[in-house]
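We have chain A; now place chain B onto it with these hints.
Number of protein chains: 2
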Amino acid sequence: MAVGPERSVKIAPINGIRLAAAESGIRYAERLDLVLIEIAAGSTTAGVFTQNAFCAAPVTVARRHLAEKPSRYFLINTGNANAGTGSDGDLAALKCCDALAECTQTASSEVLPFSTGVIGERLPHSKIIDALPALQTKLAEDNWLLAARGIMTTDTRPKLSSRCFQVGDCTVSISGIAKGSGMIRPNMATMLAYVFTDAEIEKPLLDTFLKSATKNSFNRITVDGDTSTNDSCMLVATGKGALKIGDLESEAATVFQRELNSVFEQLATDLIRDAEGASKFMTIEVTAGASEQECLAVAYTVAESPLVKTAFFASDPNWGRILAAIGRAGVEDLDIDAVTVSLGDTLLVSNGGVAASYTESAGQAEMDKEEIRVNINLARGQASERVWTCDLSSDYVRINADYRS
Amino acid sequence: MAVGPERSVKIAPINGIRLAAAESGIRYAERLDLVLIEIAAGSTTAGVFTQNAFCAAPVTVARRHLAEKPSRYFLINTGNANAGTGSDGDLAALKCCDALAECTQTASSEVLPFSTGVIGERLPHSKIIDALPALQTKLAEDNWLLAARGIMTTDTRPKLSSRCFQVGDCTVSISGIAKGSGMIRPNMATMLAYVFTDAEIEKPLLDTFLKSATKNSFNRITVDGDTSTNDSCMLVATGKGALKIGDLESEAATVFQRELNSVFEQLATDLIRDAEGASKFMTIEVTAGASEQECLAVAYTVAESPLVKTAFFASDPNWGRILAAIGRAGVEDLDIDAVTVSLGDTLLVSNGGVAASYTESAGQAEMDKEEIRVNINLARGQASERVWTCDLSSDYVRINADYRS
Numbered sequence: 014m015a016v017g018p019e020r021s022v023k024i025a026p027i028n029g030i031r032l033a034a035a036e037s038g039i040r041y042a043e044r045l046d047l048v049l050i051e052i053a054a055g056s057t058t059a060g061v062f063t064q065n066a067f068c069a070a071p072v073t074v075a076r077r078h079l080a081e082k083p084s085r086y087f088l089i090n091t092g093n094a095n096a097g098t099g100s101d102g103d104l105a106a107l108k109c110c111d112a113l114a115e116c117t118q119t120a121s122s123e124v125l126p127f128s129t130g131v132i133g134e135r136l137p138h139s140k141i142i143d144a145l146p147a148l149q150t151k152l153a154e155d156n157w158l159l160a161a162r163g164i165m166t167t168d169t170r171p172k173l174s175s176r177c178f179q180v181g182d183c184t185v186s187i188s189g190i191a192k193g194s195g196m197i198r199p200n201m202a203t204m205l206a207y208v209f210t211d212a213e214i215e216k217p218l219l220d221t222f223l224k225s226a227t228k229n230s231f232n233r234i235t236v237d238g239d240t241s242t243n244d245s246c247m248l249v250a251t252g253k254g255a256l257k258i259g260d261l262e263s264e265a266a267t268v269f270q271r272e273l274n275s276v277f278e279q280l281a282t283d284l285i286r287d288a289e290g291a292s293k294f295m296t297i298e299v300t301a302g303a304s305e306q307e308c309l310a311v312a313y314t315v316a317e318s319p320l321v322k323t324a325f326f327a328s329d330p331n332w333g334r335i336l337a338a339i340g341r342a343g344v345e346d347l348d349i350d351a352v353t354v355s356l357g358d359t360l361l362v363s364n365g366g367v368a369a370s371y372t373e374s375a376g377q378a379e380m381d382k383e384e385i386r387v388n389i390n391l392a393r394g395q396a397s398e399r400v401w402t403c404d405l406s407s408d409y410v411r412i413n414a415d416y417r418s
Numbered sequence: 014m015a016v017g018p019e020r021s022v023k024i025a026p027i028n029g030i031r032l033a034a035a036e037s038g039i040r041y042a043e044r045l046d047l048v049l050i051e052i053a054a055g056s057t058t059a060g061v062f063t064q065n066a067f068c069a070a071p072v073t074v075a076r077r078h079l080a081e082k083p084s085r086y087f088l089i090n091t092g093n094a095n096a097g098t099g100s101d102g103d104l105a106a107l108k109c110c111d112a113l114a115e116c117t118q119t120a121s122s123e124v125l126p127f128s129t130g131v132i133g134e135r136l137p138h139s140k141i142i143d144a145l146p147a148l149q150t151k152l153a154e155d156n157w158l159l160a161a162r163g164i165m166t167t168d169t170r171p172k173l174s175s176r177c178f179q180v181g182d183c184t185v186s187i188s189g190i191a192k193g194s195g196m197i198r199p200n201m202a203t204m205l206a207y208v209f210t211d212a213e214i215e216k217p218l219l220d221t222f223l224k225s226a227t228k229n230s231f232n233r234i235t236v237d238g239d240t241s242t243n244d245s246c247m248l249v250a251t252g253k254g255a256l257k258i259g260d261l262e263s264e265a266a267t268v269f270q271r272e273l274n275s276v277f278e279q280l281a282t283d284l285i286r287d288a289e290g291a292s293k294f295m296t297i298e299v300t301a302g303a304s305e306q307e308c309l310a311v312a313y314t315v316a317e318s319p320l321v322k323t324a325f326f327a328s329d330p331n332w333g334r335i336l337a338a339i340g341r342a343g344v345e346d347l348d349i350d351a352v353t354v355s356l357g358d359t360l361l362v363s364n365g366g367v368a369a370s371y372t373e374s375a376g377q378a379e380m381d382k383e384e385i386r387v388n389i390n391l392a393r394g395q396a397s398e399r400v401w402t403c404d405l406s407s408d409y410v411r412i413n414a415d416y417r418s
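If you're matching them up, the sequences are chains A and B in order.
Take the first sequence: its letters are residues 14 to 418, numbered as in the numbering used here.
Take the second sequence: its letters are residues 14 to 418, numbered as in the numbering used here.
Be a bit skeptical, because a hint or two may be false.
[What the hints assert, rightly or not] With beta-carbon atoms standing in for the labels, derived distance ranges:
| id | chain 1 | residue 1 | chain 2 | residue 2 | range |
| --- | --- | --- | --- | --- | --- |
| 1 | B | R20 | A | S275 | 54 to 64 Å |
| 2 | A | A392 | B | G394 | 41 to 51 Å |
| 3 | B | P146 | A | Q306 | 45 to 55 Å |
[To be verified] One side of the interface only, derived from the structure: several residues of chain B facing chain A at Cβ under 10 Å:
| id | residue |
| --- | --- |
| 4 | V22 |
| 5 | V131 |
| 6 | G195 |
| 7 | E317 |
| 8 | F326 |
| 9 | D350 |
| 10 | G365 |
| 11 | S370 |
| 12 | S407 |
| 13 | D408 |
Honestly, the hints are just simulated from the structure, not real lab data.
Even glycine gets a Cβ: it sits at the ideal position worked out from N, Cα and C.
For reference, chain A alone in the conformation it holds in the complex:
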């Protein structure tokens, strides 16, 4: 189950990037579970990672390697998160990097490892290492869909996004893949996302582009409020295309950031549309707040309230639950009589109660939609924020009660 039809995405290959995927039997037989992404020499790489204190071994290793050298390979496995595995986990991740470095005649620190899957079990690193030589031979420029499928876990669809655009006389491409379906409340990062461009961008500037793109995409989504131990989001610039961006204040930088944001937003909202058990896609907008912080507090409290989420699952315009969630979000001196709540274009709440113009049939019509916009106007300032989320269905419970069995 997922919200809306699956999009058909035409991916622009990125000069300097090759991809491959294989079945290495990490957890299940006959399932793509290992992805290799090759990055041309001379590229720059930026990354943001989970803020969870219990971050997984591959995150620790990837962070360290990224600080040491420009990356040449991303090695991604599913089926096992290599998290909560102590110092053995670090060793296992390093062994995979070492083995790939030997195959490809690079340094181990030029390889970044990523893992996703069950937490707390030892990574079967031999299976990964055994699969590497064959995997390397499969590297190709057009394997994007295969790679997007290869990083899926409870996802029901691959997530891809791509943009080609002009900056002056130059054609620029940005293409990316992502995965994630549950344990999603990214905090400075997301589940796994890999985005590539052929533009030439020095690392400090690339870091800035990534941070800005992440803020309004992967850092504004929530399925269940659970921040993963393995969240990682990478941005690579191969510099093989025509455009070079050297100045954040330039027209080229402005256009690039806008297009990059669009790719990130598409991938982030794809995660929510395909969230575990999701039947509704909800945009929670909080406007006229006194600060970004209070807007986010209200948006996340509403987005993560089990009672709001189950009401959306039932297509029930139970605005009282939205109101109760706003009321417990910790906004000081909130004037409840000034707050308004709308569902799509239908005003639900004003003057501390149900709006005079509201009818159950109008509310029901909005609720019956698959994609629903909730606007909460706090009537106390200029700040606004927006968070994407989904409903809480019986399928979410089934999926997460079954996950290890």
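This is chain B only, laid out in the frame that chain A set:
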């Protein structure tokens, strides 16, 4: 469904308290939905109420009346929360108080109104007012079970608790009832709870006893993290018994507080055992923290994690989800290698990973129990806290997706 067998509680009547319940057809026919509690003149009353900014009309009125005069009547309806009903809601609550005051020849401010049920619909106050004369004639000293049933909504069991104990030569009684099953993360109060004693206690001291008893009972439970708009918890001292408590430092005060805490803890844990869809009762202990605040942050993050809760529903010792929840609780500079997690007496996590002594069969044996204790040792201080919660089952989703239909 509820956790464990229903307890049979022998209630000690409280001299000065009479109770009655009736069917007034507020939302459903043939269902007890109106409860009246009469308090003898000369009693003292303390109350704590929801901290939700969108508090319900009866909470506003009850708070104001409590500040004006000692209370003589509690009037409690189910089926309608009279919340999110604007100024009409205040008027409706006041009309009920006025009508009861007229029946009983008291002042309107001597009546405290309480409502629980669906949010955002107008209170059908005429039905309540029409039922009052007959209700008054039914008042009796031994109607505790009937009153406990009369305040139930999605509860599947009445909640009662009672203690008789000696202080020197005096026999003291404390008896109470409570309700609540979902939308439970009380904040300085709970859903609805009414506790009575025949001791004589001045109001300032009664306030202190109530605050202390609430802190470690109703303020340490969570079902879904949703703080209700209607939470209210009342403590009444009729002064009709032999004991008078005048000094917080006295032996009598110490004994009374301990017994009162025991009544509150029983009622609070009864709410969790009967929480919506609950099949497990979990005690989340956080020990060796640097502060009470960080212990609570960890305990609530674990207790409210949908992934932890669904794993408990599945009896799955998926300690990785517990570990991931601890890691996102916002504890600064947490030394993850020093943290230990135990399930009952089974050590699960040490040194940042699964404990060497851990076996899946030992974890499974703990998980198969209906009542499970999770201990999280942060190894960084002297503070400790304890929160009670339940699992997240498919029945929770079903109940809350069906609630308005």
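Taking 45 to 55 Å as the stated bounds, is the beta-carbon spacing between P146/B and Q306/A within them? Holds - the Cβ-Cβ distance for P146/B and Q306/A, about 53 Å, lies within 45 to 55 Å.
Status of the S370/B interface restraint (C-beta, 10 Å, chain A): Violated. Min distance 14 Å.
Does V131/B meet its interface restraint, that is, does its C-beta lie within less than 10 Å of any C-beta in chain A? OK, holds: V131/B within 10 Å of chain A, min 7 Å.
Answer holds if the nearest beta-carbon of chain A is closer than 10 Å to that of D408/B; otherwise answer violated. Cβ of D408/B sits 9 Å from chain A, so the hint holds.
With 10 Å as the cut and Cβ atoms as the points, is F326/B at the interface with chain A? holds (5 Å)
Evaluation of the interface hint that places S407/B against chain A, nearest CB under 10 Å: holds (5 Å)
Does the interface hint hold: is V22/B within less than 10 Å of chain A, judged Cβ to Cβ? violated (29 Å)
How does the Cβ-Cβ distance of R20/B and S275/A compare with 54 to 64 Å: does it lie in that range? holds (59 Å)
Outcome of range test on Cβ distance (A392/A, G394/B; 41 to 51 Å): Check passed, 42 Å falls within 41 to 51 Å.
When the least beta-carbon distance from E317/B to chain A is tested against 10 Å, hint result: holds (8 Å)
Checking hints one by one. Is G195/B an interface residue toward chain A, by the C-beta closer than 10 Å rule? At about 7 Å, which falls below the 10 Å cut-off, the nearest Cβ of chain A leaves the hint on G195/B intact, so it holds.
Per the CB criterion, is D350/B less than 10 Å away from chain A? holds (8 Å)
Going down the numbered hints, you'll see the structure goes against 4, 11, while the others check out.
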